[in-house]
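**Q** Sequence:
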Amino acid sequence: MLNSIGFISRLEQKLIFDMSQTLERSGYHRVQVQLNKPEKLPGESDEAYIQRANSYFDSTVDLMKNLKPSDSAVTWDDVQINTIGPSGQGVASSWYLYHRALVEDICAGVHLDPFMLGYSFGTTQTWARFKFEIMMRQIVAVQEKAKGFLKWLVGLEMALKGLPGEVEVLFDNRRVFGSIERFKAEKIIAESIIAQYQAGLLDRKEARERIEKIEPGII
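Sequence positions in the sequence shown follow the working numbering and run 503 to 721.
Hints may contain errors.
[Said to hold, decoys possible] Quick list of simulated restraints, FRET-style, between CB atoms: (1) L662 - F509: 21 to 29 Å; (2) W578 - R602: 42 to 50 Å; (3) L517 - A692: 49 to 57 Å; (4) A697 - M660: 43 to 51 Å; (5) A692 - F634: 21 to 29 Å; (6) I518 - V576: 53 to 61 Å; (7) K653 - R631: 26 to 34 Å; (8) R602 - N675: 32 to 40 Å; (9) L513 - E708: 23 to 31 Å.
[To be verified] Straight-line alpha carbon distances no greater than 27 Å define the calculated DSS-like cross-link-like pairs of lysine-lysine that follow: (10) K707 - K686; (11) K649 - K663; (12) K715 - K686; (13) K633 - K649; (14) K649 - K715; (15) K686 - K633; (16) K689 - K715; (17) K539 - K516; (18) K653 - K663.
By construction, these hints were calculated from the structure, which means they are not laboratory data. Even for Gly, the Cβ is constructed at its ideal location relative to N, Cα and C.
Between the sequences and the hints, there should be enough to build the whole structure, so can you do that?
**A** Next up, the structure:
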């Protein structure tokens, strides 16, 4: 499961790059400069008119390119300066929703949680619990390796000293995380057993055995 995170991250980075390019092209307002064609002078040749019109066009383009944020554009009245772009924030919000839908589809397809890709689509408690569970699985895996080594080491020491017996290594993996939930669950189970005993569904011995099997929480 964890091996797929790298692939998903690369895929998502490609999607984000493509979508950001689209947003830059259509999502932001831009300045639009409209030029009216100059009138052709009497007796002016076609070549001279085209050259004059192109020169006027190029000079206006250079003016707009060299404008600083604090500058103002000074033109003839045949130049119109407008802004073009999407109405409202429709494009930006659509981009966000589309991107989120893609992330959710990817997470669902490879059975990953959003927090593993750096997203927060749920409560932090649920995420913290899931992350803690993953960490505990890694710890248990390491403990299993340590058990074998410790059993071999202690068993060798006992054999050298001629001591009989078998070695058993146990780790206390009772977790402080979620103690309140476990206490509540323990209370519900105990109250259920007591109710069954009072209703005559369990005798005293059976009720005691079930109570003793309840795993105690950690204070």
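**Q** Against this structure, judge whether each hint is valid.
**A** Taking the hints in turn, this is what the structure says about them:
| no. | hint | verdict |
| --- | --- | --- |
| 1 | L662 - F509: 21 to 29 Å | 51 Å, violated |
| 2 | W578 - R602: 42 to 50 Å | 48 Å, holds |
| 3 | L517 - A692: 49 to 57 Å | 51 Å, holds |
| 4 | A697 - M660: 43 to 51 Å | 49 Å, holds |
| 5 | A692 - F634: 21 to 29 Å | 26 Å, holds |
| 6 | I518 - V576: 53 to 61 Å | 41 Å, violated |
| 7 | K653 - R631: 26 to 34 Å | 32 Å, holds |
| 8 | R602 - N675: 32 to 40 Å | 36 Å, holds |
| 9 | L513 - E708: 23 to 31 Å | 56 Å, violated |
| 10 | K707 - K686 | 24 Å, holds |
| 11 | K649 - K663 | 21 Å, holds |
| 12 | K715 - K686 | 16 Å, holds |
| 13 | K633 - K649 | 24 Å, holds |
| 14 | K649 - K715 | 25 Å, holds |
| 15 | K686 - K633 | 22 Å, holds |
| 16 | K689 - K715 | 13 Å, holds |
| 17 | K539 - K516 | 43 Å, violated |
| 18 | K653 - K663 | 15 Å, holds |
Of the numbered hints listed earlier, those contradicted by the structure are 1, 6, 9 and 17.
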